[in-house]
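All chains, please: the whole structure from these sequences, using the hints.
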Amino acid sequence: MNISIDGKDKLCHKLLDNASMLIFFINSEGNIVISNKMMEAITSKSKEDILGKNWLNVLYRDSNTPIKQQMFRAVMENTMTYKRANNFQEVIVDDHNGEKIISWSITPILSESQDLEGVLFAGNDITDLRKREESLKKIDDTLKNIFSSIKDYALYVTNLDGNITYYGMGAEAMFGWQKNEIIFQNLSLLNPEEVLKSKLPFLLEQVRQKGKYELEIDMLKKDKQSLPVILSVNQFLDIEGKLSGYIFIAKDITEKKKLEYQIFQAEKLAAIGQLVAGIAHEINNPLFVISGRLELLLSKKRLAGKEREALDIINSQASRIRNLVDRFLRFSRKGILKIEVINLNEAIDNVLPLLAYHNLHTCKINIEKDLEKNLPLIKGDLNQLQEVFINLLLNAYQAMPEGGSIRITTAKISERFLEIRISDTGSGITQGNLKNLFMPFFTTKKEGTGLGLSICYNIIKNHEGSIDIETQVNEGTTFFIRLPFIQ
Amino acid sequence: MSHKVLLVDDEAAVRDLFNDLLKKEKYSVKCIATGEEALELIKNENFDVVLLDIKLTGMNGVEVLQKIKEIKPDTVVIMITGFGYDEDLIAKTREFGCSGYLGKNMPISQIMSNFKLFIKTVEDKKIGKQLKPGL
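Residue numbers (the working numbering), protein chains in the order written: chain A, 1 to 487; chain B, 1 to 135.
By construction, these hints were calculated from the structure, which means they are not laboratory data. Hints may be right or wrong, so weigh each one.
[Stated by the list, open to error] Under the rule of at most 16 Å between Cα atoms (straight-line distance), these lysine to aspartate or glutamate pairs were calculated in the EDC-like manner:
(1) A:K251 / A:E172
(2) A:K131 / A:E90
(3) A:K242 / A:D161
(4) B:K4 / B:D20
(5) A:K338 / B:D20
(6) A:K338 / B:D88
(7) A:K300 / B:D20
(8) A:K224 / A:E194
(9) B:K126 / B:D48
(10) A:K221 / A:E193
(11) A:K100 / A:D125
(12) A:K257 / A:D468
(13) B:K55 / A:E282
(14) A:K364 / A:E402
(15) A:K300 / B:E25
All figures in this text were calculated on a predicted structure; none of them were measured in a lab.
Written as C-alpha cells, this is what we have:
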C-alpha cells in the first residue's frame, strides 16, 4: 500500500488520536507542537488551547501546585540536558473533573546530528488504577488490623511446608513467641513432639480432604509450657484456588479445661461417695454380727490358748475393717458441720503443736508463718478444718525427707474469699499423680490409705470453698484453700 | 432389776446376736422384725426399753418411734444406727424423743456399756421425777 507524505501525516494524526494514551510533543522552548485527542479529553481543553502553549500551563490549570510543577519541570529539564528518557509517575494534571494521576514516559527526540529537537510525552491515565490500589490497600490494612486486634485467638498461616508466613498479635500473646522470632520458622516450634508425629499430620490430611478441620490439642509455648487449645485449620487458597498453605486459628481453653476437670472431679468424687456410703451401709450388719459373735466367744472362759489367739486375730482384723469403713465414710459424708465462728489464724496456730504427735522424721523443717492481721472471720467446723491443715502439713513434711521449709500464709483475696496457702520445698507432684490427687484410695505412700486429700477436698467443699494446687517436681508444692468469710 | 427390752431389726442374725448379748447381761429380751409388729406388741405389753433400728423394711424407725411415743410416752427408745445412715433421719429422731443412739459401727463392748449407761441415766431421771413431789 502506497501512502503519500500528506497521507502519512494524516495517518500519523489518526493513530495518535486513536491511541488510548496522552501523547504530546514539545519543542526546545517548551511549547506543545503535537498533541492528541486524549490530551484534549483529559485536560478539557480544545486543540487551540493546547497547541503552541507552554506544556506546564496546559497540564496544570492553575498555579496551585507549584511543587508538582517544579518537580515535573526538573524531570523534563533532566531529559533535555542529558538527552535521556525518564519516567515520571503520579503527575497530577488538573482538569475540570478533578485531578488525574498520569504515569508519564518522557523521551528526548534527537536530530540526526544528535541535537535535541524536542521532547515526547506519553502518559497513561492511572487514576482509576491508583484508586483501586488505594482501596485495596485500605482493605488490606483493615484486615491486617482486624487480625492483629484479635487477642483471644491466635491466628497464624503457614505454607505447605509448614513454615509460618503470617503470625498475628493474638498468637504473640498466646505462645510467647514474637513475630520476628517465628516468622518463616517451622510450625514444629509451636507443637510438642507427640502432636507433630501423630495428630498434626492427621489434622492437615483432614484439611486437605475436607477443606477445614477442628481438633482439641496441646500446643507448646515458648517457655515449653503446654497449652490446651481448640485448633481450627482451614485451607489457604491462592488466587487461582490452589492450596498454598493452611490458616490456623487457636483458642486457649485452659480455663475451660480447668473447669471441666473440676466438674468431672466433683462428679466422680460424688459418685464414689455414694458408692462408698452404700457399701458401708451394707457392711453394718455382717460386721456387727461378726464382732458381736466374736465378743461372745471370747467371753467364754474355757478356750484353748490357740483358739483364743485365733479369735483375737479375727477380732482385730474386724476392727480394722471397721476403722477403714469409718474413714471411707468420712470422705463420703455430706457431713453435718458443727458450725462456729472461726479465726483461721488461731486455728492454724493451734494446729502446729499437734504435728508433734505424729510420727514425723526428725530432719530440720522450718515453719514460716505469714498470717494477715485482721483476717476476716469465717463460719465453719473447726475440727474438720484443722483436720485439713494437719493433713496438708503432714503431706508437706513427708515431701521433704531431707528437710526444707513450710510456709503458711493467710490473706483476704477478694470481697468474698480468704485464702490459706501451705507451701513446701519438697519433692513436688508429677503431672500423672496430680490428676488423681484428690481421688480416694490414691496414694503414693507405702502406708497410706489414699483418703487424706479426698477427705480434705470434701471438707473444703462442704464449707463452700475450693482447694487448688500448684506443684513443680523437685521444687515444691503449694496448696491454696479458699473459703468464704463472714460479710 | 431386770429390764424388759424389745429389739426391732429386720435382719435375723442381728436379732439373734442382740438376743444373746442382752440375755448374757440378764435382760429379758423380745425380738421382732418390723415396726408394724412391734407397735402391735407395744399396745398390749409394756417394755422398759425399745432398741429400734432406724432403717427397717416397711415403716422406718422414725415413724415407729413417733407411734411408740404416742401409745406409750414413757417407753425409753434407743435408736440403732450404723455406717452410712442418713444423718437427716438421725437428726429427726432427736426431735421425736429418742433417748440415745447405739451404732452398729461401734465395738460391741462399747455398745453394751453405752446401753447400760443410757438405761442408768433414764432410771436416774425417773427416780428424780418420783422424788421431786416429795422434796
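Outcome of the hint check:
1. Restraint check: the Cα-Cα separation between A:K251 and A:E172 comes to about 13 Å, which is no more than 16 Å; the hinted pair holds.
2. Of the supplied pair hints, the one linking A:K131 and A:E90 holds, its CA atoms being roughly 12 Å apart against a limit of 16 Å.
3. For the proposed pair A:K242 and A:D161, the alpha carbon gap of about 15 Å is at most 16 Å, so the pair holds.
4. This hinted pair checks out: B:K4 and B:D20 have alpha carbons roughly 14 Å apart, not beyond 16 Å.
5. With a C-alpha separation of about 37 Å, the suggested pair A:K338 and B:D20 falls outside the 16 Å cut-off, and the hint is violated.
6. For the suggested pair A:K338 and B:D88, the alpha carbons sit about 14 Å apart, so the restraint of at most 16 Å is met.
7. As the CA atoms of A:K300 and B:D20 are separated by approximately 13 Å, the hinted pair is consistent with the 16 Å bound.
8. Distance check on the hinted pair: A:K224 and A:E194 sit about 14 Å apart at the alpha-carbon level, within 16 Å; holds.
9. In summary, the hint linking B:K126 to B:D48 is supported, as the alpha carbons are separated by about 12 Å, within the 16 Å threshold.
10. Taken as a hint, the A:K221 and A:E193 pair is honoured in the structure, with Cα atoms around 13 Å apart against an allowance of 16 Å.
11. With a CA separation close to 7 Å, the supplied pair A:K100 and A:D125 stays within the 16 Å bound.
12. A threshold of 16 Å between alpha carbons decides the hint, and for A:K257 with A:D468 the separation of about 14 Å falls inside it, so the pair holds.
13. Distance restraint check for B:K55 and A:E282: the Cα-Cα separation of roughly 12 Å lies within the 16 Å cut-off, and the hinted pair is therefore satisfied.
14. Between A:K364 and A:E402, the direct Cα distance comes to roughly 8 Å. Compliance with the 16 Å bound is thereby established for this hinted pair.
15. With a C-alpha separation of about 14 Å, the suggested pairing of A:K300 with B:E25 holds against the 16 Å cut-off.
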